[in-house]
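Chemist: Below are the chains, spelled out letter by letter.
Protein chains: 2
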Amino acid sequence: MTHRLIATIALLLALASPAFAADPLPSWNDGASKAAVIDFVARVTKPGGPDFVPESERIAVFDNDGTLWSEQPVYFQLLFALDRVKAMAPQHPEWKEKPPFKAALAGDMKALAAGGEHALLELVMATHANQTTDEFARVVDEWIRTARHPKTGRLYSEMVYQPMLELLAHLRANGFKTFIVSGGGIEFMRVFAERVYGVPPEQVIGSSIATTFEVRDGVPVLVRQPKIAFVDDKAGKPVGIQQHIGRRPIAAFGNSDGDLQMLQWTAARRGASFCLYVRHDDAAREWAYDRESHIGRLDKGLDEAAARGWTVVSMKSDWKTVHPPVR
Amino acid sequence: MTHRLIATIALLLALASPAFAADPLPSWNDGASKAAVIDFVARVTKPGGPDFVPESERIAVFDNDGTLWSEQPVYFQLLFALDRVKAMAPQHPEWKEKPPFKAALAGDMKALAAGGEHALLELVMATHANQTTDEFARVVDEWIRTARHPKTGRLYSEMVYQPMLELLAHLRANGFKTFIVSGGGIEFMRVFAERVYGVPPEQVIGSSIATTFEVRDGVPVLVRQPKIAFVDDKAGKPVGIQQHIGRRPIAAFGNSDGDLQMLQWTAARRGASFCLYVRHDDAAREWAYDRESHIGRLDKGLDEAAARGWTVVSMKSDWKTVHPPVR
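Quick mapping for you: the protein sequence lines, in order, are chains A and B. Count the first sequence with our numbering and you get residues 1 to 327, in order. Count the second sequence with our numbering and you get residues 1 to 327, in order.
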């Protein structure tokens, strides 16, 4: 306890120092979006204030793809699946002639897209299932530490949004528990969410495939099955939130129509709540897309945000920087 | 922050005072079980020690029925369902003649048991589904605050095990995150787990029925469906742990064969781990049952605990008190 005591006192002294009064969101330009975030946090943490929320109920939920990191040209987890197909190909000579695998190996995105959802699902299952949870985690860990984005050449973990990292930290510094609620794979994100976002595995919610418990040669393992168990998107997001958290968030952050129900569920809370959409309008520094996009379409959500006064962040004008600086 | 700062400093002063050296498990008799618990916590929290485990990985999982509170004459959630059938009967005149409901209304447990699992499932669905999550939580809250156990006449929340409350607190005081992993209903337990056990909703794992997101008259709701989604028992427990926590526990506490896979999964962790079974051998102060019981059978688990050197707590000889004193 002595060790923790000293560490905690050091932390308290640091918090009490004038430096703590510094801007908690330095990568955000001054403006309505930044002010709305700062104001909300101040209101719900003010003891005795009309909007005060006890610390145990300060639950904030974040979409991942397009909200915490980029999602173009396609969701990064799909790029992981394509990289895996290539890495696994030597053990699967039959893939050379088999439709979705053939297209994947040739990098023929057009042929892949023509195969539709079924083709993608086949690729995902071939690369995500039929292995233990520990084996899968090792493969993802190796990939996230080495694979590079096709356009920027950066590690995928460097394609996170610096302003959102600051927002996560600001919320946690004010007693919030931050959760990821993503359509992406729960076990995929958990491998890096703690290191990259400061979000521990038990606060990551996502889509999942079925797993079964087996004892192999006396060793218990969990085996990933080629069967969808849960799709954490659209109406699935409030369902996933209830299943994992069991209480309603007071703040929700997304970037697409897939997040709309999560924001609606949060906004319908009795008492203070905060909903924010990140809008991709920065073709120069990131990508620009919304109502017509196949990836991360933001159409109904944009209308509802306008009607209900939710905060809509313009990446172009609200953010000083998008990704963390190159080290 | 100032408010939290003061509270935290007060807490630190309290922790640093000699009182903190007091026995953390006062309701446990001195002996091998108590010593094993105390020793394990000391080892994994000793910085630089061979068994040290970082705080983020100090995950402890507890079964609920028979491990944290009693489970006789039947699981308390079944008594809740029976109470609900009675309360809902005026709105369901047809139940008077319909088999499982007729038996439930007459308190005819023999007829109920004869209906088997199917009859019980029918009662559970009739009382647990077709309502919103908020409505269900209100009903459970009212019940847990007023309903009384048929034998002891105490509130169900008073039929928790005082020594286990102390164990939960001791683990949390040493940086552990405590989770409930129960075959009982996740939404049922969440209503009282924080108040009764100090375990917040997001750290409760259990069986569940499906829910769907709907917008009713502009208000988003989650509706509980009469369909089993997940059974958190036996091989389901490691699956539920992985799904909700995403990392392996270092300590697991149970009382029946339904907990065996959870203990196996925990014991197979690389590094220090701790597994404990509570044995119901106290007919005078609680109930005595194990290998032959229909409720909370402990048979294979007892053999495996002996073979692997897991701690087996005798309620009769290891615990000074069973339930908290009557106030």
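Think of the hints as simulated: they come from the structure by calculation, not from any bench. Just to be clear, a hint being listed does not mean it is correct.
One copy or two, it doesn't matter: identical chains are merged, so the pair holds either way.
Straight-line Cα separation of at most 25 angstroms, SDA-like style, residue types lysine to any residue; simulated pairs [stated by the list, open to error]: (1) Lys227 with Ser208; (2) Lys151 with Ala106; (3) Lys227 with Ala210; (4) Lys98 with Asn130; (5) Lys227 with His323; (6) Lys177 with Arg58; (7) Lys300 with Pro99; (8) Lys234 with Pro201; (9) Lys151 with Pro201; (10) Lys110 with Leu25; (11) Lys320 with Pro26; (12) Lys300 with Asp23; (13) Lys234 with Gln131; (14) Lys46 with Pro201; (15) Lys227 with Glu55; (16) Lys98 with Phe40.
Chemist: Within a copy, between copies, both or neither: where do lysine 46 and proline 201 come within 25 angstroms Cα-Cα?
Modeler: between (30 angstroms within a copy, 24 angstroms between copies)
Chemist: When Cα atoms must be at most 25 angstroms apart, do lysine 177 and arginine 58 count as within-copy, between-copy, both, or neither?
Modeler: For lysine 177 and arginine 58, the Cα distance is within 25 angstroms both inside one copy (6 angstroms) and across copies (18 angstroms).
Chemist: At most 25 angstroms between CA atoms: does that hold for lysine 110 and leucine 25 within a copy, between copies, both, or neither?
Modeler: Neither way: lysine 110 and leucine 25 sit 41 angstroms apart in one copy and 65 angstroms across, limit 25 angstroms.
Chemist: How do lysine 151 and alanine 106 come out at 25 angstroms by Cα distance, when the copy is not named: within, between, both, or neither?
Modeler: within (18 angstroms within a copy, 71 angstroms between copies)
Chemist: What label fits lysine 98 with phenylalanine 40 when the C-alpha limit is 25 angstroms: within, between, both, or neither?
Modeler: This pair counts as neither: shortest intra-copy Cα distance 53 angstroms, inter-copy 54 angstroms.
Chemist: Go through the copies and call it for lysine 234 and glutamine 131: within, between, both or neither, with a Cα cutoff of 25 angstroms.
Modeler: between (28 angstroms within a copy, 21 angstroms between copies)
Chemist: Checking an output row: lysine 320 and proline 26, CA cutoff 25 angstroms. Within, between, both or neither?
Modeler: within (8 angstroms within a copy, 57 angstroms between copies)
Chemist: With 25 angstroms as the alpha-carbon cut-off, assign the pair lysine 227 and histidine 323 to within, between, both or neither.
Modeler: Answer is neither: 35 angstroms inside a copy and 44 angstroms across each miss the 25 angstroms cutoff.
Chemist: Since the copies are identical, ignore which copy is meant and state whether lysine 227 and alanine 210 lie within 25 angstroms (CA to CA) inside a copy, between copies, both or neither.
Modeler: For lysine 227 and alanine 210, the Cα distance is within 25 angstroms both inside one copy (6 angstroms) and across copies (18 angstroms).
Chemist: At most 25 angstroms between C-alpha atoms: does lysine 234 with proline 201 qualify within a copy, between copies, both, or neither?
Modeler: both (22 angstroms within a copy, 23 angstroms between copies)
Chemist: Taking 25 angstroms as the upper bound on the Cα-Cα distance, should lysine 227 and serine 208 be classified as within, between, both, or neither?
Modeler: Result: close both inside a copy and across copies, 9 angstroms intra and 19 angstroms inter.
Chemist: Is it within, between, both, or neither for lysine 151 and proline 201, if the alpha carbons may be no more than 25 angstroms apart?
Modeler: neither (29 angstroms within a copy, 42 angstroms between copies)
Hint compliance for this structure: hints 5, 7, 9, 10, 12, 15 and 16 are broken, all remaining hints hold.
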